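K.L.:
Each chain, written out:
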Amino acid sequence: MDITAQKPAAPPSPGPAAPEDKGAARGATRPGDRIFLGFSRGSGIFVLVLMAAIAAFLTYRASLAISKDEANFFTSFEWNPTGVPPEFGIAVLAFGTVVSSVIAMVIAVPISVGIALFITHYAPRRLGGTVGYVIDLLAAVPSIVYGLWGAIVLVPHMDGLYGWLDDYLGWTGVFAWEGGPARSLLTVGILLALMILPIITNVSREVFRQVPRMHEEAALALGATRWEVIRMSVLPFGRSGVISASMLGLGRALGETMAVAMVLSPSFDISASLLDAGGGTFAQNIASKFNEATVMGQDALIASGMVLFVITLLVNGAARLIIARRKEYSGANA
Amino acid sequence: MSNATLSPRRDSLRGATLPKWFAWAVAAGSLALGYGISAAAGLHSDVQWALIAAVLFVVGSYAVSAKIEGARQAKDRTATSLVWVAFLLAVTPLASLLWETAERGVKVLDGYFLTHSMGVVADAEPGGGIYHALLGTLEQVGLAALISVPVGVLTAIYLVEYGRGKLAKAVTFFVDVMTGIPSIVAGLFILSLWVLILKMGPSGFAGSLALSILMIPVVVRSTEEMLKLVPNELREASLALGVPKWRTILKVVLPTSIGGIITGIMLAVARITGETAPVLLLVWGTDFINANPFQDPQESLPMYIYLQFGAGSDPAYDRAWAAALTLIAFIMILNLVARGIARWKAPR
Chain A
1 MDITAQKPAA PPSPGPAAPE DKGAARGATR PGDRIFLGFS RGSGIFVLVL
51 MAAIAAFLTY RASLAISKDE ANFFTSFEWN PTGVPPEFGI AVLAFGTVVS
101 SVIAMVIAVP ISVGIALFIT HYAPRRLGGT VGYVIDLLAA VPSIVYGLWG
151 AIVLVPHMDG LYGWLDDYLG WTGVFAWEGG PARSLLTVGI LLALMILPII
201 TNVSREVFRQ VPRMHEEAAL ALGATRWEVI RMSVLPFGRS GVISASMLGL
251 GRALGETMAV AMVLSPSFDI SASLLDAGGG TFAQNIASKF NEATVMGQDA
301 LIASGMVLFV ITLLVNGAAR LIIARRKEYS GANA
Chain B
1 MSNATLSPRR DSLRGATLPK WFAWAVAAGS LALGYGISAA AGLHSDVQWA
51 LIAAVLFVVG SYAVSAKIEG ARQAKDRTAT SLVWVAFLLA VTPLASLLWE
101 TAERGVKVLD GYFLTHSMGV VADAEPGGGI YHALLGTLEQ VGLAALISVP
151 VGVLTAIYLV EYGRGKLAKA VTFFVDVMTG IPSIVAGLFI LSLWVLILKM
201 GPSGFAGSLA LSILMIPVVV RSTEEMLKLV PNELREASLA LGVPKWRTIL
251 KVVLPTSIGG IITGIMLAVA RITGETAPVL LLVWGTDFIN ANPFQDPQES
301 LPMYIYLQFG AGSDPAYDRA WAAALTLIAF IMILNLVARG IARWKAPR
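Chains as they are written, first to last, in UniProt numbering: chain A, 1 to 334; chain B, 1 to 348.
Errors might be hidden in some of the hints.
Restricting the straight-line Cα-Cα distance to at most 25 Å, the calculated cross-link-like pairs of lysine-lysine (BS3-like) are [as the list claims (entries may be wrong)]: (1) B/K228 x B/K199; (2) B/K20 x B/K67; (3) A/K68 x B/K199; (4) B/K20 x B/K107; (5) A/K289 x B/K199; (6) B/K345 x B/K228.
Just so you know, the hints here were simulated from the structure itself, not pulled from any lab data. Model, not experiment: these values are computed from the prediction.
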């Protein structure tokens with residue numbers, strides 16, 4: 001009797017909550033059990049308290065700063081929190097963060113899907129395995145190394161591409177280039193794309209691997225070419241997985257600090273051209289302004305970090321939502 | 001895989017197919033042409049002629065194939081070449097990253113570099129080393145692991161073995177949320193709590209606190225996955241013998257999954273070892289050896305790379321590359337060992 005009450009539930013299914021809870025409480029009458037349950041439940045509660053504390057402290061410091069801000073926090077182009085009326089706003093940072101992340105996504109998502117397909121469907125088996133392994137390891141390379149490589153190796157190599165873009169697309173204004181080092185939002189976007197490539201590739205590869213063999217063989221039996229197999233069975237099956245992988249990559253690109261801080265030469269204005277040095281992102285601005293900041297300056301930086309926090313929460317939440325929805329009808333045909 | 005090998009080559013049924021060497025021929029042709037065009041037009045960047053060659057390859061193989069094999073096969077070839085192009089496009093810079101780090105890193109990386117600090121070395125001078133940074137990294141990461149491993153593993157045990165109802169759901173949700181916190185935000189939180197409110201100065205321990213915020217969710221997630229893999233029969237058998245639940249968890253569940261749990265912890269350690277942003281905000285960095293993580297600024301490997309990069313002289317760049325190589329090697333070794341453990345201790 002006692003034993004059945006203690007039986008652990010199958011983990012994935014939440015099951016009926018109330019009666020089981022009672023059983024667990026009754027099972028924990030032995031002192032050892034009670035202590036152990038206390039410790040593990042305590043850790044769970046600790047995580048909750050930690051999250052609440054993060055939100056509370058950030059909001060508190062941010063509100064201190066924003067209440068003193070004389071300019072509009074969301075639309076001002078100034079960043080002068082120590083000025084005599086303190087004026088600062090996040091317009092430039094929001095612009096830079098969004099633009100660099102969008103560039104990164106535009107480059108990284110198609111290429112990652114390509115590599116994932118390469119590994120799962122095109123490459124000879126051994127090469128695919130090796131590439132997958134190397135990409136796995138690359139996902140672990142720290143961002144500071146990407147930053148060092150970007151600033152010293154990538155930036156000089158961008159000149160050729162920049163010149164070409166300026167020659168042929170300069171008339172649009174978006175790709176106009178005045179010369180000078182290529183420490184612009186476009187380079188940052190390309191570097192971010194490289195950084196999130198391994199993550200998106202890894203997740204997409206796992207999703208493509210799970211495509212039911214039957215679907216592919218059915219398409220092949222109908223005489224489909226390899227591309228038609230991929231278009232008809234692999235991509236539809238993997239779509240939501242790829243979307244959520246991209247969102248996870250986007251979350252990482254939005255919050256990336258050191259690589260951006262090392263490559264970008266920041267300035268507090270918005271330039272129409274992606275190729276001209278200048279602009280900034282939330283994380284980069286915090287890292288580079290932090291050292292000389294007074295308490296008020298730090299509070300202003302915390303306020304901008306708070307905005308970044310909210311944005312990444314929304315992006316990650318959307319990714320989780322897509323993953324959760326996918327779970328509901330993916331197992332049906334395994 | 002491809003249907004070409006399954007069916008006999010009967011031209012009356014299959015229609016014309018291009019020979020296997022066709023793709024290689026087009027590739028060689030477009031490489032030569034791309035190089036020729038860029039040489040003729042006076043372009044200097046390696047990237048440009050490679051891009052021209054790639055475009056030529058895709059267009060060329062489509063055109064020829066559409067003419068001989070038909071539109072569907074041509075599309076298939078285009079897709080194949082696009083996938084290869086994607087692969088090469090991504091692999092080139094990533095290989096360059098590893099190659100440059102290795103090549104430039106070995107210049108000053110030797111025993112002296114690993115055992116000396118930057119104490120009396122000016123930024124523009126050669127010499128000096130990363131001893132203080134290694135020490136700081138090991139202490140900060142070690143402290144962070146000491147905080148996050150118990151919390152993370154116990155939280156995972158709670159979620160898998162006990163957790164039902166609202167509390168468990170809330171914990172699961174917020175662990176997910178924590179996974180996505182940007183490292184700089186974790187740094188800002190500890191900054192606002194530790195430095196601005198408790199008025200503590202910068203120290204290695206403050207950095208460890210921020211790192212453990214990043215590490216806890218990773219440990220929880222991986223441990224949870226591993227605990228879920230333990231078959232329920234094992235738990236039931238142990239409980240049926242009258243073993244209390246906590247002893248069942250400690251003596252049956254954890255030993256069964258310990259390999260996977262250790263792997264997850266090592267991967268989490270590898271992840272936080274390279275974090276720079278929280279260290280920048282909370283530990284500050286120094287050129288001197290500070291073995292006490294609870295007081296005064298410390299150095300760490302990523303921070304060292306950042307400071308040497310900022311110094312901006314050639315010897316400093318050399319030191320930055322060497323430190324980057326050390327850091328990558330450290331993380332790769334952790335990763336490989338973790339995988340080794342996972343394979344060795346895999347549930348049999």
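K.L.:
If a hint holds in the structure, say so; if it doesn't, say that too.
P.N.:
The hints, checked one at a time:
With a CA separation close to 43 Å, the supplied pair B/K228 and B/K199 exceeds the 25 Å bound. The straight-line distance between the Cα atoms of B/K20 and B/K67 is roughly 17 Å, inside the 25 Å bound, and the hint therefore holds. For the proposed pair A/K68 and B/K199, the alpha carbon gap of about 22 Å is at most 25 Å, so the pair holds. Of the supplied pair hints, the one linking B/K20 and B/K107 is violated, its CA atoms being roughly 45 Å apart against a limit of 25 Å.
Taking the CA atoms of A/K289 and B/K199, the gap is near 20 Å; set against the 25 Å cutoff, the hint holds. Of the supplied pair hints, the one linking B/K345 and B/K228 holds, its CA atoms being roughly 16 Å apart against a limit of 25 Å.
Violated hints, in rising order: 1 and 4; the structure is consistent with all others.
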